[in-house]
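Asker: Listed below, chain by chain, are the residues.
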Amino acid sequence: MFDPGFILAGVLNGLLAGGIYVLVAVGLTLIYGVLHIINFAHGSLLMLAMYAVFFLWKLAGLDPYMSLPIVIVGAFVVGFLLYRGLIGRFSHGRDENILLITLGVSIVADNGALLFFGGNTETVDVPYAGQIIELGVAFLPLAKVISFVASLVICLALGLFMAKTDTGKAIRAVAKERQGARLVGIDVEKIFAISYGIGIACLGAAACLLMPTFYVTPQSGYAFVLVAFTTVVLGGMGSFVGAAVGGFLIGVTESLGGLFLGEQLGQIGISLIFILILLFRPTGLFGAKA
Amino acid sequence: MLEVAGLSKAFGGLKAVDEASLKVDAGEIVGLIGPNGAGKTTLFAAIAGFHRPDAGRIAFGGHDITGLPPHKICAAGMVRTFQITQPFAKITVRENIMVGAYLATADRRAAAAKAEAVAAQVGMTDQLDQNGADLTVAGRKRLELARALATGPRLLLLDEVMAGLNPTEISEIVAIIKSIRQSGVTILLIEHVMQAVTSLAERVYVLNQGRMIAEGTPASIAENPLVVEAYLGHGAAQVLRA
Amino acid sequence: MSTRVQILLVIGFAAAVIYPWLVPNYLITVGMLMFFSAFIGQAWNVSGGFAGQTSFGHAVFFGTGAYTSTILQVTHGWNPWLSWAAAMAMGALVGCLIAMLAFRAGLRGSYFALITLAFAEVFRILANSVGFTRGGLGMLIKADARPENLQFRDPVWPYYLAFALCLISLFIAWRLTRSRFGARLIAIRENEDAARALGIDVFAEKVKVLTLSGAMCAAGGTFYAQKYLYVDPTIAFGIDKSVEMLLVTMVGGAGTIFGPLIGAIALTGINEITRWAAGVIPALKNVQPLSLIVYGIMLMLIVARLPDGLMSLFARKARRNA
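Residue numbers (our numbering), protein chains in the order written: chain A, 1 to 290; chain B, 1001 to 1242; chain C, 2001 to 2322.
I should point out that these hints are in silico values taken from the structure, not numbers from a laboratory. C-beta: ideal position from N, C-alpha, C; glycine also. One thing to keep in mind: the hints can contain errors.
What the hints assert, rightly or not - Stretch by stretch, here's where chain C covers chain A in the computed footprint (C-beta under 8 Å, at least three residues): (1) 69-82; (2) 138-150; (3) 164-175.
Stated by the list, open to error - Straight-line alpha carbon distances no greater than 25 Å define the calculated BS3-like cross-link-like pairs of lysine-lysine that follow: (4) A/K169 x A/K190; (5) C/K2142 x C/K2208; (6) B/K1072 x B/K1023; (7) A/K164 x A/K190; (8) B/K1090 x C/K2142; (9) C/K2208 x B/K1072.
Turn these sequences into a full structure, and let the hints steer you where they fit.
Answerer: Here is the structure:
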């Protein structure tokens, strides 16, 4: 069991899973970094996006990877509207209030999914599901490798967007100094909505990349929300590099936890990391001192 | 009563307070003035236990209180107010003041009686049943004073209780502060505006860029070229004299 | 308290007492669950409402209570009433420990809410994995309906027990509004810095209140396990119970004496209406999610438009009448 090859395989699998966590966490950390709100609905919105991917496959026969552009754009629109219609109106004032509002969103989303989609576990059957790539000691599922590469490409694209485009620059300006951004004529509320939309679009992408190897149930949102927060807190709230490193660390932790502690107890690693980071290093690995 | 010796406090690389020393004797009203950003509030916060000083010693009533938490310092008889008023917004003025009064007693009736007495002393009897959030600026300043007074302090640290008030309100609060001193409470007060201090304080300390640059009677301070320069900029003293 | 309110309270009390003699068994159980919700809501309210320490993971105390009494009873043969007391002690201990860790680290606001959720999750996973809780299978309590076993054949008695718990919790909340401890909690909620300046040991008071809240929640956990003679990791430590406590309190009015009770009445009412609607409209097969959707929307509306909950409607009316 403690054979190094076995552990290496676990690490590689963890890194592959971590690629998608990076995507989920980048969305969450973007929302936090720009809007300074904690988006408790993050997991539930991911769950809804996963259902979207599932239904696109089931009803329209669309491969999850093919649905990427549709779901990303759809998720952006949903996020943008959600911010404009609901979250933006209450995102100022006590930080617990916005946490409670996003909790409300997640309650509605989770139970809406249960009501309309039922409680069954849904999966997407893709022809390449069983294909394996042999990489030295490790056998890696092809779909996970594709997802890993795709999520890195999307993260890089997002990074380029933030660095090169006017909108990206405006977002960074608002994140750094919202009053100043307002003074130089940036429509801050619009940037907030766009940032929230991009954060949710990241979830849309993650959903497409997850579905070939994962399943969705109405509880998936809750399963992911702590993972997402742990990733972001580990890296340091608001830090993109942190979210990336955090995502990989969490993926590996989960994979090795499952390996050594078993399917049930293995999940404890994530919650424990979350608690320990908050207690002893609340700024995370890369966060600036508050 | 209060002795601060060589107190320093830095945030990041910035030295907010740099080896400041001061002394307050029982029964005095002492002023602490200085231009904006001089480190007055930081010095106050450090004295009251809100910031742990990097260096220096604070003694109160002959006991070393350096590094004690605020609630212990308050229990020892020294209490601060806030420049940016911090009322408990959703409860009444009476309940606000009672929070202070509860320091000395666990009995609700005694605390309520104390709150009413203090409210009378600062002229808030009519506002006892208003919510903290509904007060005017002057009302909030008085509430800061009342809550602090209700803890039964020997030394009050007042942080700009007159800032933002109109002349009538200032003269009212000056009278209140004088009456508080009459009742046996020693007072150390921060003011940005010098005139406000001259009518109250027997002695004044001047803080500039974290350093104590002068100490003396209000009259002597007003003529001190270092002080004038601190307020008006380098070379201002010569210009004024010319 | 005005005479009008006093009369209302007496009428309400009398109605609650005679209620089980007027309605079928099903509605007795509905009433029982309502008072139970009000009780655990109040347990959340003392720390989340009065002291303002919003928690997303109070199930950690609820589950601790449920498991402590069940394990003592089933595995060690303790008397259930004695186990109940032990469960409360354990809930208090867990509350105290979590508070010491979280507040020593200076966690506030959303971070405190999230760390409580993570603690509940750790406990859930542990209960799922270790031997003495029998893992995911859960634990069954042997049915033996005798009062000394804290089990009752007639649903009237659990109803009265829940009612009594609710009354005790109302008394605790009432005491808080009239005591130094309560005044300090409210001061901490309203402004921590000002509270510290006025001589309040903020850390100690927060630890105290979470200890109290933990003991109360744990009492609720034991009650629930005894009523259904079963506990498993998800029932005990899942997010559902944490959200239920938060919801009844936020909807009714956080930091008020009657908030959790009003919230529990409102949410029980919604539950029954959706149940009725599901009977009338065949398309609505799943009742549970439907009422939770309504709760979620109510939570958002309350936070956005009525921060002091439904209680503030009464308070506003009372002020107009005064």
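Asker: With reference to the structure, classify each hint as holding or not holding.
Answerer: Hints and how they fare:
no., hint, verdict
1, 69-82, "violated (count 0)"
2, 138-150, "violated (count 0)"
3, 164-175, "violated (count 0)"
4, A/K169 x A/K190, "14 Å, holds"
5, C/K2142 x C/K2208, "35 Å, violated"
6, B/K1072 x B/K1023, "20 Å, holds"
7, A/K164 x A/K190, "19 Å, holds"
8, B/K1090 x C/K2142, "49 Å, violated"
9, C/K2208 x B/K1072, "18 Å, holds"
Going down the numbered hints, you'll see the structure goes against 1, 2, 3, 5, 8, while the others check out.
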